[in-house]
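Chemist: So you can see what is in the structure, the chains are spelled out below.
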Amino acid sequence: MKPRVAFFDFASCEGCQLAVINLENELLDLVSHIDIVNFREAMTEASDDYDIAFIEGSVTREADIPRLKKIRENAKLVVPIGACACTGGVNFRKNFYELGEIRNYVYGESAKYFDTFATRPVKAVIPVDFEIPGCPINPKEFLSVVKSLLIGRKPEIPNHPVCVECKLAGNVCMYDKGEVCLGAVTRAGCGAWCPSNGSGCEGCRGLVDEPNKNSEKEVLTKAGLTVEDAVQKFRIFAGYFEEVKK
Amino acid sequence: MQGFLLTKENIKGLVSELMKSYRVVAPVKKETRFDFCEIEKFEDIRMDYDTTILPPKKHLSPPVETLLKFKRSENKAEPVFDNTPVALFGLHPCDIKAIRHLDQAFSENNNYDRHYLAKREKSLIIGLECQPYDYCFCSSVGSTFAKDGFDIMLTPAGDSYFAEAGSKKGEEILKSIQAKPAQESDAKKAEQFRAEKEKKIVRKFNKVNASTVKELMEKTWDHKHWKELEERCLACGSCNLVCPTCFCFDVQDDVSLNLNDGERKRLWDGCMLVDFAKVAGGENFREHRSQRIRHRINRKMNYLYDRFNSPTCVGCGRCVRACTVKIDPVEIVNELSK
Ligand code: SF4
Ligand code: SF4
Ligand code: SF4
Ligand code: SF4
Ligand code: SF4
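Those protein sequence lines, which keep their order, are chains G and Y.
All residue numbers for the first sequence refer to our numbering, where the first residue is 6 and numbers rise by one.
All residue numbers for the second sequence refer to our numbering, where the first residue is 37 and numbers rise by one.
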């Protein structure tokens with residue numbers, strides 16, 4: 006029997022689900038191996054009977070918690086996809102402000118209708134099996150994770166920094182062009198997407214294990230950023246990491 | 037062997053001769069830097085380049101290389117070899133020496149890396165004498181001049197180039213383009229160019245040289261400097277990946293969506309990366325960045341010395357150039373020998 010796959014979204018821009026839909030040709034091949042039973046971005050029917058749940062988006066409301074727990078009960082494998090789901094993503098930035106204050110700032114007069122709480126990733130609420138980081142996810146990496154799951158192998162997300170893929174691609178380093186880049190402390194897997202297209206890495210895939218944050222901060226300030234800007238730069242995507250929270 | 041004198045016009049003729057039977061790879065401009073790329077026309081070549089982002093190695097042992105194709109259902113695998121003839125044009129002496137190291141590493145003790153050798157056997161090396169730039173330090177590691185390892189070596193001599201053949205193939209090519217035999221005075225000009233070059237090398241080991249750096253490394257295993265580097269190093273692996281004498285790789289299998297056809301690939305790897313010395317069970321032999329830097333520098337200056345009869349760093353300076361925190365073998369060696 007083909008594995009039954011479901012997609013769910015929480016606080017997100019749905020860009021990660023779009024990245025999956027944009028696979029087009031490969032998507033057709035893929036659906037010959039899996040049954041997609043739940044995918045709001047692409048279909049209207051929904052089912053509670055599935056094996057793999059891909060979850061997009063961060064958790065920002067009380068009501069998200071029972072919904073996630075239900076998904077965990079139903080699915081054999083839970084796989085958060087994208088920065089929002091894996092580390093809170095850009096949404097995590099609000100945690101650096103006082104909650105009431107930021108709510109008023111964002112929603113103004115109608116703030117009282119939005120009962121949000123501090124942003125958290127999926128794994129802070131339910132146990133997860135794998136994660137596919139990135140904002141958005143790399144469609145190729147998504148495919149390779151699905152293939153690994155289908156042949157029963159543990160999917161591999163690189164544990165080295167973006168610099169590795171950047172060097173394999175033969176790019177001129179952003180620092181050589183007078184720009185800054187977080188590639189040295191950011192987990193690879195995107196194929197050095199940004200530097201290969203002329204802009205510095207923003208760290209959307211999250212930090213590598215054991216990042217040397219202090220040294221990278223010095224690199225950023227030597228390249229012209231103020232300390233405050235360097236801190237803010239880390240917070241765009243990596244606010245959830247202990248190294249940045251501190 | 038006899039020398040020839042090649043005018044700029046002759047060099048152009050040489051390149052178009054090569055382009056008839058080889059994929060010609062040469063230094064070309066890439067944004068703010070240079071890189072070894074396949075050229076379409078002679079004018080793409082930058083004879084005045086300083087160094088390149090990646091070493092010419094990338095055309096003999098590519099960053100990502102398919103080793104074999106397999107079918108899971110049939111339990112069958114076919115090796116893949118790419119032996120398109122490639123002419124590597126414009127290599128500086130350090131890079132020529134580095135390729136000699138690769139040749140040895142990929143063939144010694146009857147361990148033949150047939151993927152590398154398939155390409156290497158069909159390749160041609162045309163060297164170009166250089167000028168030192170901000171980061172290199174070849175004289176400290178004995179790679180300032182190339183005596184062998186090339187098919188043709190070009191040395192600027194006034195407005196022309198003094199050309200020597202280093203192999204039969206090289207000699208045949210030089211004869212085929214009807215290059216003029218060089219005069220005594222042309223050879224002198226080339227000699228002078230080399231002497232000038234040597235004078236301009238300013239980055240040096242202070243107290244050791246190519247033969248004694250090995251002993252220094254052995255005495256400084258517990259030096260406090262390794263710990264200091266721990267603070268700076270980002271463990272990004274760039275220094276490994278740009279190094280012409282790093283040859284470690286990782287092997288990965290990739291299956292297509294039909295879950296049957298697959299490819300086995302190798303990708304450049306580096307000992308500065310955290311997972312490099314991790315083994316099954318999670319044990320990591322070089323857990324700390326300081327241990328990894330100490331390993332890398334020893335690998336270049338000490339460990340392989342006896343096998344290669346030389347340091348395996350060729351002093352090209354690419355690692356310093358690529359490092360965003362400017363960790364520098366010359367500074368390290370000088371700090372250790374203080
Ligand atoms: S990770 Fe990025 S692309 Fe994906 S849902 Fe969140 S904001 Fe959108
Ligand atoms: S551009 Fe960024 S990712 Fe690429 S080598 Fe430089 S620092 Fe690393
Ligand atoms: S280069 Fe950095 S910001 Fe860009 S996609 Fe990759 S991890 Fe994200
Ligand atoms: S020495 Fe420099 S280039 Fe090498 S891993 Fe450390 S920070 Fe990266
Ligand atoms: S260690 Fe550095 S200087 Fe030495 S050969 Fe490698 S890249 Fe060049």
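By construction, these hints were calculated from the structure, which means they are not laboratory data.
What you are looking at is a predicted structure, and each value in this text was computed from that prediction instead of being measured.
Among the hints, erroneous ones may be present.
[To be verified] Dumping the calculated DMTMM-like pairs for lysine to aspartate or glutamate here, alpha-carbon to alpha-carbon at most 25 Å: (1) K7/G - E101/Y; (2) K205/Y - E220/Y; (3) K218/G - E264/Y; (4) K107/Y - D34/G; (5) K260/Y - E223/G.
[Unchecked claim] Covered by chain Y, per the in silico footprint, the following chain G stretches (three or more residues, Cβ under 8 Å): (6) 30–43; (7) 205–216.
[Unchecked claim] Computed Cβ-Cβ distance ranges for the label pairs, DEER-style: (8) E29/G - T102/Y: 39 to 47 Å; (9) E267/Y - A123/G: 45 to 53 Å; (10) A316/Y - H38/G: 44 to 52 Å; (11) D289/Y - L33/G: 18 to 26 Å; (12) S57/Y - T226/G: 23 to 31 Å; (13) S52/G - H324/Y: 46 to 54 Å; (14) I156/G - F117/Y: 45 to 53 Å; (15) E227/Y - T231/G: 47 to 55 Å; (16) I39/G - H324/Y: 41 to 49 Å; (17) L295/Y - T226/G: 25 to 33 Å; (18) Q140/Y - K227/G: 14 to 22 Å.
We put the CB at the ideal spot given by N, CA and C, even for glycine.
Chemist: Tell me the numbers of any earlier hints that the structure contravenes, in ascending order.
Modeler: 1, 8, 9, 10, 12, 14, 17 and 18
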